[in-house]
Amino acid sequence: MLTSIKMLKNIIQFDYTPEELGDKLSMMGLEVEGITRVRHRFNGIITGKVEAIHHIANTNLNKAIINMGNENVQIITAASNLKIGDVIPVALPHSKVASGADIVKKDFKGIMSSGMLCSCSELGLDPEILSSEEKEGILIFPADTPIGEKVEDILPIDDDYLELSLLPDRADAFYLRGVARWIEIVKAKEEDRRADFSQLEEAISFKIEGVTDIPIIIEDKELCSFYSGRFIKDVTVTTSSLSLRQKLFMLRMRPVNNIVDVTNFVLGFYGQPLHVFDADIIKEKIYIRPSKKGEKIQTLDEIERNLSNANLIIADESGPIAVAGVIGGFKTAVTSKTKNVLLESAYFSPRCVARSARSLGIVTDASTIFERGADPLFPSKASIIAANLISKEAYGIPAKDNAVSYITPKNPVNLRIARVEKILGEKVERKNLRKYFSFEGFDFVEKKEHFIVTAPSFRADIKEEIDLIEEIVRMKGYNEFGEALIVGELKDAKRTEYENFIWDLKERLVKLGLDEIQTVSLLGESSFDLVGYTDKKKVIKLLNPLSTDMAFMRPLLLPTMLSVLERNKKSENVNVSIFEVGKVFCKEKLFKETDELGILLSGARTSKNYLGVHFPYSLLYLKGLFEELFLYYDVPVTFEAEKFSFMHPYQSAGIYHKGEKIGYLGTISTTVLNKLGLTDEVFYGTINIEKLVKYYGVEINFKPFSLYPSVKRDIAIIVDEDTIEKDVRNAILSAVPRELQKITLFDIYKGSPLPKEKKNLAYSLEFSSVNKTLKGEEINKFIEILEKTLRKKVKGKLRKE
Amino acid sequence: MEDKIKQIKEEFKEKIKNKSLKELKELETYFLGRKGKVSVLFQLFKTVPKERRKHFGAKINELKNFIEKNISAEIKRVESIEASRKLEDEKIDVTLPGIKLHTGGLHILSQTISHAEDIFLSMGFDVMVGPEIEEDYYNFEALNIPEFHPARAMQDTFYLSKKILLRTQTSPIQVRIMEKYKPPIRIIAMGRCYRKDAPDSSHFPVFHQIEGLVIDKKVTFANLKGTLSLFAKRMFGEAVKVRFTPSYFPFVEPGAETSISCVICGGKGCSVCKNTGWLEMGGSGMVHPNVLKNVGIDPEIYQGFAFGWGIERIAMVKHKIPDIRMFYQNDLRFLKQFRG
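Heads up: the protein sequence lines correspond to chains A and B, in order. With the numbering used here applied, the first sequence covers 1084 to 1884. With the numbering used here applied, the second sequence covers 11 to 350.
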């Protein structure tokens, strides 16, 4: 929200620089985010009046005769929106337009043009604050604009604006007088006096004729506690006067016509939203009531909207004519044909307007003010101000208004003096409390232990004791209060056990040489296509996504981890070994979030080096990482060959814990890699870490180890080629006793002299006993048993040396 | 015979010069081996007349000793030369770069979170967590932000259903904790939050917050200032100052925006702090009595403070990271800079 400092200075006197003012208001709670400076960039452009227009035959050009006040000039123009009598900006020779270009006399095939007529772009005006007519063609000033004047004196272009943030509790940041009141509070504090807001009011007296006889019926006074309707007859709807145009310009409001401009001015300046109906279209009575299901209204923006009981409406006998406090209806809008108007000024409850605006999905200036809390006592006065302006701008004759009021006086708020110290940790003297309330123009009655405080009616933010305590902090200054550390019982502060586990897990993964990444937990349809994910029923979709590529909650970590890989490969980080511990989401009966670990490898453990040592990542390297992790937490798991849509069909496995699948790993299929344009092999594995947590933090008890020398024995086993290693290993483990301390597979061999379809697995077995040195015969006995078991369980043959 | 002895000695003296270890060994055999020059002399010895034998015996022994002594001395000498030559051959250019070992590391966000947790643990705060998929009640209503409250528009929310959303802040954890535990409460909570913000250098739809909540009988505004001030000093350095400016968050009152003195210019004003000398870190304030009432805590007896700072913001300020999107791009050239 931009607030004009020029306009503020018109109603309150102050000598602060824009920055000083910004800081002072910010420290009061009216957040100023910055200052916008606007200066005119053209030079020597003057107002002139169109005296005559002659078309130049066989061209699209016109010759215009312009009265510059002291002379008439002839200008050739292609503009088509000119009428005789229009006051327009004229750039005579030797002037400069906003783009910096110099204007010179020009010869159009023998006809001289002494300058140029300007549109908003030659003047460098912000089209956002211009009417649609003003944006197109030559800019036409209000009819009462004097001629021969500098344009920068006609339009208040040169100005500084406060950039105010629209906090939800501050309606006053939204209108100029609201900001001016805070400047008065700043001044009152600096001058150590009571704030006086009366200077910001103006006395108005004007002629009224007749009464407004249309009946007004408020159905629910909780939703609307005041409604005033006022007839204004015989209006002339046209463009506004220069004076009103200048005000709207400073308020950064777009002009429409003199009637609507008046209501916009009252809103932007006084903070009172108003509405004007074409009185001749209204049927009989005005009702302020919740809408009924099935009712519709075409609003001012010409969109037909369905209404519900969430909308409070203004209706006549024919149905809805406006959405209360939000937007007017198209049917009853003021047009150039309008003769008589009905001016509405009302107070609608904040919640009612917020609900109504939300249900229609629209935000207007009116709804913004009403939902933050307008001044419930102001509508009556606002109606007078607006009627007076309409009578001046549109020559209408106002009648006495018809108002229905259920307004009750604002309840005073009690402030217990002891409470101030209890909350703030610091005593604030009684005399200072008196001062602070005076600075803000609050009325108060002082009692032995408390103050009874009544804030002005426009302070919708003062409702209860704690609100007053906040005002005390604002008035004294947030940084004028001391700092102190918490005093309390010493207690045992800790992380949750689960969080300790997560940190421990991450540290372990880091020790295993992996880099942690954090990816976005939102993804798009294309991610599912990439990995061939089909279980879409379970995927959680956002109702209101930001974009299609962030429309779903991720059901697995893989897609976002793959994008990290893709990005790194593109930036020549060829060796990638990353992990993420994060949430994945699915929809079962309820929305469910699960913590998962994903590990992704590509490239090699060592970069290329002059020793030629290279350690490429592989599926079994990845498996080794998982095994290390399971060993660390002492979790029993098995790996079973299994197929996945995005994995190599013969290089992937499910990970099982006590019969339950807790994860999987594998080599990413080339189909997926091709889609990403990746050439190196990629290995990915994931587990549900919630299954591991119960193994975390288990106390470790010492286990005795052998002090006697161990005996090593290498064995070679010939089995069928398709026998899986796990079965061979299990057979060995089942045959040999606990004296087997270590079993290491050190060679796998296929080919001559072995018969076809056979392979040789070579193991090194290490035996030891805690209480004796094992003898050769004992080991031989083990091997004999082993031989039988292998034959029986895996059709294996022990190879003799 | 005499001549022969002399001749062998001369030959030996000549041959021992400039020999390698291997040649010396051969030379040893040549002279002293079973069929060596000296052994042959002993055979000739038989042909010598008896009375001369003693004289020649002594002579030959003398020669043998001479050769033995000299050859072993020479072997030792050459051996030591060759050993040192071998070491020389094994010379390594110690200026060669070492072999690069890949080590793993934590993401800078994890490091920042861990650091923040440690600071608050030392101040006696428990560390808590809560769900990312949250009920409207916890994220808004219980926090004094009823339906249609204008504050909802400040935080553009992702909805999963009418009443279920992705938390926009870690503050719902406050409510969950207060429902579960009785005061005194002194906790922080960390986690991911979501807002419908279009990504730019300072906004991202996913981000992390650190939430603090202290509820007790005598927890004051001064304690809020003291706690955040201490945290800022531990996180950013002793010289850092904390400033409070009025702001509005429905669940705290008095509410404040908390800023720290700019760590880049020291408060003098620079482009990072937009010449203000201050960097905004997050909101804070005294817990609103309505929030306490909503969880059944009597605001006449208990009171407290709460704050919520952005983790990315802390990391960006602490490490001078220019763009929030970098945290989620995970370029290793970024991650590895932070001892990650």
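Hints should not be assumed to be uniformly reliable.
With a straight-line Cα cutoff of 30 Å, these simulated DSBU-like cross-link-like pairs (lysine-lysine) come out [what the hints assert, rightly or not]:
hint : chain 1 : residue 1 : chain 2 : residue 2
1    : B       : LYS74     : B       : LYS27
2    : A       : LYS1726   : A       : LYS1777
3    : A       : LYS1546   : B       : LYS14
4    : A       : LYS1833   : A       : LYS1875
5    : B       : LYS27     : A       : LYS1619
6    : B       : LYS192    : B       : LYS227
7    : B       : LYS74     : A       : LYS1577
8    : A       : LYS1559   : B       : LYS192
9    : A       : LYS1530   : B       : LYS228
A few chain B positions that, by computed beta-carbon distances, are all more than 10 Å from chain A [stated by the list, open to error]:
hint : residue
10   : LYS14
11   : GLU20
12   : GLU36
13   : LEU37
14   : LEU73
15   : LYS86
16   : HIS112
17   : ASP136
18   : LYS206
19   : VAL216
20   : THR237
21   : LEU240
22   : GLY276
What the hints contain is simulated information worked out from the structure, not anything from laboratory work. For every residue, glycine included, the Cβ atom is placed at its ideal position computed from N, Cα and C.
Least C-beta distance between LYS14 (chain B) and chain A, which was stated to exceed 10 Å: 59 Å, holds
Non-interface claim for ASP136 (chain B) versus chain A (Cβ beyond 10 Å): Not fine: 5 Å to the nearest Cβ puts ASP136 (chain B) too close to chain A.
Between LYS1530 (chain A) and LYS228 (chain B), does the CA-CA distance stay at or below 30 Å? 25 Å, holds
Quick check for students: does the CB of LYS206 (chain B) sit more than 10 Å from each CB in chain A? Per Cβ check, LYS206 (chain B) is inside 10 Å of chain A; nearest 5 Å; violated.
LYS27 (chain B) and LYS1619 (chain A) were given as a pair; does the straight-line alpha-carbon distance stay at or below 30 Å? 91 Å, violated
Beyond 10 Å from chain A, beta-carbon-wise, is GLY276 (chain B)? Consistent with the label, GLY276 (chain B) stays out of reach of chain A, its closest Cβ about 18 Å off (over 10 Å).
Is LYS1726 (chain A) within 30 Å of LYS1777 (chain A), Cα to Cα? 29 Å, holds
Does GLU36 (chain B) clear chain A by more than 10 Å, comparing its Cβ with all Cβ atoms of that chain? Label holds. Min Cβ-Cβ 39 Å, cutoff 10 Å.
Is it the case that GLU20 (chain B) keeps its Cβ farther than 10 Å from each residue Cβ in chain A? It holds; GLU20 (chain B) is separated from chain A by about 54 Å at its closest Cβ, greater than 10 Å.
Take the C-alpha atoms of LYS1559 (chain A) and LYS192 (chain B), compute the straight-line distance between them, and say whether it is at most 30 Å. 34 Å, violated
Hinted pair, alpha-carbon criterion (30 Å max): LYS1833 (chain A), LYS1875 (chain A). Please report holds or violated. 22 Å, holds
For LYS1546 (chain A) and LYS14 (chain B), compute the direct alpha-carbon distance and say whether it is at most 30 Å. The given pair, whose Cα atoms are some 133 Å apart, is violated under the 30 Å limit.
In terms of the numbered hints stated before, the structure departs from hints 3, 5, 7, 8, 16, 17, 18, 19, 20, 21, listed from lowest to highest.
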